[in-house]
Structure formats: structure tokens, C-alpha cells
Amino acid sequence: MIDFIGKKRWFFLISLILVVIGIISLVISQIQVGAPLRLGTDFTGGTSMILQFSPPVEQSQLWEEMAELGYDEATIQKAGEGNFIIHVREITSDEARDLAEKLGAVLDSQVEITDYYLVSGTVATETARNAVIAVIIAAVAMMFYIVWAFRRMPSPFRWGTCAIIALIHDVFIIVGIFSILGLLAGVEIDALFITGLLAVVGYSINNTVVIFDRIRENVSRHIRPDFAETVNDSLIETLGRCLNTALTTLFVLLALFFFGGATIHYFVLVLLLGVIIGTYSSICVSSQLLVVWEKKEWRALLPFAKRTA
Amino acid sequence: MRSRNVYLLIFILALFGFALWSVVPLDRNAFGREGLRLGLDLAGGSYLVYQADVSDIKPDNRDEVMEGVKGVIERRIDALGITESTVQIQKREGEYNIVIQLPGIANIEKAKERVGLFTVLEFREQDEAGNWTPATGIVTVNGEEKELILSSRYFKENTYVDVQTGRPLLIFEMDETGAQLFKQISTRLIGKQLAIFLGDEPLRGEDGGIIAPKVEEVITDKGQIRGLSFVDAQELSRLLNAGRIDVPLGRWVDEVFEPSVPLYERTVNATLGADSIRKSILAAGIGIALLLLFMLVYYRLPGLVACLSLGIYGVVLLAIFKLVPVTLTLPGVAGFILSLGMAVDANVLIFERIKEELRGGRSPGAAVEAGFNRAWTAIRDSNITTFIACFILIWLGSELGARMVSGFALTLVIGVALSMFTAIVVTRTFLRLIVGSRVVTNLAAYGVTSVLTK
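Line by line, the protein sequences give chains A and B. Here the numbering used here is used: the first residue of the first sequence is 1, the next is one more, and so on. Here the numbering used here is used: the first residue of the second sequence is 1, the next is one more, and so on.
For reference, chain A alone in the conformation it holds in the complex:
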């Protein structure tokens, strides 16, 4: 029998490390790029396009040539073999075609603009604001639902809060990973990133609720006197379901990630990361928080704190 609750310090430590790494990256990015995440066209305005090179060219080469042509501010993301997502200042589709032709000539490759996208700066600011609002509303709405669904439990508010903390944990880790990707590989976030994040939030909460549901059932059946043991039992009973659902979802997502198109490459990555991290936080974080709260073992949250007997 696996003791999920007993290992809670380890899980909290792992989560803490992941979240801290993410926050460090967000800070570095803020200093280097001027924003915690590399913001795409949807948030900053400008022009984005997908350039398809055949034969494929190197990202570094492309970057050099872009700078040579006066686009040294360009962000270049690789999205599959020979495909690059390029974000530059606002240029018309004529100028874009001109740029593509020049790039094709100097890099000796056939270039095609397969996707051209222009967003005005004023809309972009509004987009960023609305996206943040949407994530917050979603979190609050789901918390209220959980509080309502667990209204017959003692202190239902606690269940909602734990689920939401796990959710914020997921969001932080994914945002952190994308911040690192932004620094290392020029990966930008766009409206689809927010979409993916919200879908992931739904998925993660979904998992947490399934586990909480089992705890609720086991608590009301009074199988074990100890809350921690009841929670552990519930985790083991739901483990098969959680892992199997994660697996079936991962199968389809992996297929999309490797064989789907360039446009949704990073969108699928958000979903993939979300399913993995969401499953982890449901099994290893949210229920443990519930136990800590129930037993008032707040010291367990601190890494390297002395173990109390």
C-alpha cells in the first residue's frame, strides 16, 4: 500500500521547487525581455506569420538574416520541421511577402507565408486584461461550485480552497515552464495559450473533484477513524481511474503534438503539460493540503522544518 499522505513533505518540496524555479524564470524574463512571459501578437500587437522553408533552414541563420534586413526585434519560434513562427513589428501583408522573398533569396530556400496575422496594439492590451480576468473568474466560479458541492461536509470552504490552491499551483508551474521556454527558445504566449490554460484548469479541478468525491464518500461511511488514513484510502481507490484517464488523454495529445500542425504546436504543449501536472497535483498536493488543514500541521508545509511527532 502506498502512503501518499506520509510523503506529503516530499510532494510539497517538489512543488515548491518547481514553483520557485518558475518564479525565478518569470523575474529573469521581466528583467531581460520586459515581461514575465514572452508576449505574442495577441498581447503586444504587431505582425505574426508562419514561414515554411523548403529545404528547412536553421533558426540561428534565420535570426541573423532577419536582423540584417532590419528586423532585429523579431522573435522566432520553431514549430516543426522547416516551420517558423515569426513575430515582428506591424507590417502589411505586402511588406511581409517582400520580407519572405528576400529571406528566401539569401537563405537559398523556397519560402511560403502560410499564416499571416496582424493585431493592433490597442486591442492587444484589452486582450491581455480580459485573459487575466477570465482566469480569475474561472477559478472563483469553480471554487464556489466546489464549496456548494461539498456543503454537507464539515467546513466546505476548506475543500474549495484546497482545490483552488492546487489549481493555482498548476497554473504557476505551466506559466513558469513557458517563461523558461520563452527565454531559451523564444516561445511566445498567445490567446490559445490562455485557452489551453483554462482547459487545463478545468481538467485539473475535474481530477481533484473525483478524489474529493471519494474522500467525501469514505468520510461519511466512517470506515476509518483517522482522517489522514481515510484520505490515503481514497487516493489509492481512485488512483487507477486518475492514471488511466490521464493516460488516455495523453495518448491523443501526444499524437496531436507529434503529428498535428504548426499552428497548434504550443497549444497542445500547454494541454500536455497541464494533464501531467494536473494529475500530479490532484494526487499529491490537493488532498495532502486537506489533511494538513484538518490536523493543523502547518509546519509540514515548510521544507526542512523539524518533524513533529
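Where hints are given, some of them may not hold.
Take a look, some chain B residues computed to stay more than 12 Å from chain A by CB distance [what the hints assert, rightly or not]:
#, residue
1, Lys70
2, Ala129
3, Asp175
4, Lys214
5, Gln234
6, Ile392
Example chain A residues on the side facing chain B (calculated, C-beta under 8 Å, incomplete) [as the list claims (entries may be wrong)]:
#, residue
7, Ser93
8, Glu95
9, Glu112
10, Asp115
11, Ser120
12, Met142
13, Thr195
14, Val201
15, Asn206
16, Val210
17, Asp213
18, Phe259
19, Val268
No lab work stands behind these hints: they were computed from the structure. On a predicted model such as this, the values are computed, not experimentally measured, just so you know. For every residue, glycine included, the Cβ atom is placed at its ideal position computed from N, Cα and C.
Dock chain B against the given chain A, drawing on the hints supplied.
Relative to the frame of chain A, chain B by itself:
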């Protein structure tokens, strides 16, 4: 009990049959039915959003004027020979956005030129060097003398084409200011030509020549234009009727209006669209194959049942997409494929419960019933949270004008709702019938190897 299941089975099969009938053929129009409606990123084409400068129009008249503008744009796009385009007016907080979708167009710059410019037609005369310059006159408006350009602003809204004589005649009437203006200009220009300009481009007829009728007599409050082809006359009359008020299209940047620059523009190459479809189908195929294999190996008989209900789920979902119809975008396809993975979830929840019940020593029949009943609260509560996330996404999408976001959320909502139905109704009916028929009594078929005896 037994007969209820048989009825349900008949209902499910009928639903499946109907869905299958609606889905075929998927990709093209046939049997008088449309194919799946594909979004811009799958079919290729352009998506443009402009803001309208309505500052010169009285607030009460704005809705009506914008309808007129919509008509003007539609006509201009039609004139480019683009079919299946859509033009929508979105009103938000007193601002008007014009959303234009052009499927599979090659020359977007040309389309933008036509779409993003002015709606008021200007009359121009030729100077000595042969250049077209605005035809002006000095008129008294409200007791003040002003120099004005003759334009479609001063036409009454009753311009029409008369074909009684066999030759099309464009009949028009001028308002008070227009009558004064036209009188001065036509007096000056007898025997000379007047060209009609939209922005800096002269209007051209079907034959490609500039439309520049010769002034034959003095015109005051009424007049007519002869010698136009029927098509040209009709087009001109429409443009004159719609061009009474100028509504520039462009965008606002820090309280300053930039004409003819779109707020959003997206153009997807049709080859990328086709490529995306091919890749999505491949990805879906591989993902689904793995999924089905896993379910079969891990859950055995219930797994097989889940595969069957998943098949029904997929076909019914596609039928809903076609019948609503839902415009399928690339993120929408991702949502569809993701929902397949998640649709299994409800089944997995139930099967795990059934396994537990079987291990606890219950008979298969009792285990199936208990499994469904006890999995229900988890299925309900967990899916409602997903719904909450989706509805907020749909709101966000419409707020941002980001169709990709709404497309994804909508497919996910439909998918999750339908997955609950397939798990609760389809899987349960199949399992009840199989268990009830007592064909399979071996517990290994349910993936259970050891039974706890109490």
C-alpha cells in the same frame, strides 16, 4: 427492466443510424447536404476586422447607417468575384466593428483596398493638364457661404435605374445643397465629363473604362445619366444610395482614427489549411487507436463496450457539428480529439467502480448497477467544473473577437455533455444487456482476477 433496456438499445441504434446518415459525406456537399463547415485556419482565407468612425453620425442613426455600410462592403466583395464571404457588424460599448471573412482569396491587398476605403463617392472634373480634380462649387448653407465638393452626400436616397426605354437610365434627385452645387458645376462643365471617384480610384465600368458621363444640360434638383450598361447603372445607383454619409473604416489608436488599417487581419494559406486537416486526421487516428487498444487490454469486456460507445460518441458529435452547424477550427479539432480522451473518463470511473464491486464479491449484474450509481456524483461534479471553465472561455472568446478560443470551448462543451450521455446511457445499456443475457459470467472478462471473500 429488460424491455426498457431493449427500447433504449433501439433508441441508441436509431440515433447512431441518424447521426451516421447526417455525417456522410464529411468533406463535401452532396445529397443536398453540406459538408462540415470549416473555419478559416482549415479552409484558408482571410479574416479582417475594422472599426468604423461614426463620429459624424447622430447616435440614433448609427445602427441604420452601419447596415448600409455592411451592404456597401458586401457589394464590393461580390464585385471581386468572391463567393461565400460574410460581413458582420459587431456593436460593442458604442463602437462598431466590421468583421469580414473572405474564404480562399489569393490577393488580399486588392480586397483590402476595396473594403477599407471610403463610402462617399466624389465627382471630379478634368483640369487643363488632364488630371481629375474635385468638382467644387460655392453654396449657401444655413446662411453661410461654403466651397463644397460635389459628392454622393447631397443625393437623395431614391436613386434608381429606369429600363422602360430599353436603355438603362440612372435617375437621381439632389437635396437643397446638392441642387445649388450641381447647378453651378453643370453650368460650368457643359460638354465636358464628370468622373466619379471612390477615394482616389475612379469608378470603372464592366469594360474597365472610367465611368465619366458628359454633362449635356444644366442639372439642378433632378437628373439622369444615360449610356451606362445595365450592370454599371445598377451598381452606381446602389453606391450613390449607400454613400450619403461617409463612414471611414480603419482603427482607433489613442483617440486618433487611422483610416483603412485593420484592427485585426489574418490570412491563412489554403495549402496550410489542407495540410492541417491531413495532420489532424493522422493524429486523431493514431491517438484513437492507442486509446482503444488500451481500453481493450486493461478493461476487457467493459473496455470493448466503451470502444463501441466511443464510436457512437464520435459519430454523434460529428453529426452535431454538421447539423448545428459548428464552424470547425484547428483548435476546435484539438478540442474534439481531447474530448475523445476525456470521454473515456466517465467510462473509466464507472468501470473502476464495477471492478471494486466485483472484487467485493457482488454478482456482475449488481456490480454494474452499483458501479453506475456510485460513480454518478463524481461524474456530475467533475464535469460541472469543466463546464464552468468552458463557458468562461466562450465569453472570453466573444469578448476578444477571438474565434479560435470560442471554437475550442464550444467543441469541448458539446463533447463533455455528450460524453456524459454516452457513458450514462449507451455504456450502461450495453453492459446491462450483456450482463443480463448471462453470456459472459467469467470475472476475468471484467478484468478482475481475485475476489475478496468476506
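Do the hints match the structure? See the list:
{"no.": "1", "hint": "Lys70", "verdict": "holds (21 Å)"}
{"no.": "2", "hint": "Ala129", "verdict": "holds (30 Å)"}
{"no.": "3", "hint": "Asp175", "verdict": "holds (37 Å)"}
{"no.": "4", "hint": "Lys214", "verdict": "holds (37 Å)"}
{"no.": "5", "hint": "Gln234", "verdict": "holds (32 Å)"}
{"no.": "6", "hint": "Ile392", "verdict": "violated (5 Å)"}
{"no.": "7", "hint": "Ser93", "verdict": "holds (6 Å)"}
{"no.": "8", "hint": "Glu95", "verdict": "violated (10 Å)"}
{"no.": "9", "hint": "Glu112", "verdict": "holds (7 Å)"}
{"no.": "10", "hint": "Asp115", "verdict": "holds (5 Å)"}
{"no.": "11", "hint": "Ser120", "verdict": "holds (5 Å)"}
{"no.": "12", "hint": "Met142", "verdict": "holds (5 Å)"}
{"no.": "13", "hint": "Thr195", "verdict": "holds (5 Å)"}
{"no.": "14", "hint": "Val201", "verdict": "holds (6 Å)"}
{"no.": "15", "hint": "Asn206", "verdict": "holds (4 Å)"}
{"no.": "16", "hint": "Val210", "verdict": "holds (5 Å)"}
{"no.": "17", "hint": "Asp213", "verdict": "holds (4 Å)"}
{"no.": "18", "hint": "Phe259", "verdict": "holds (4 Å)"}
{"no.": "19", "hint": "Val268", "verdict": "holds (6 Å)"}
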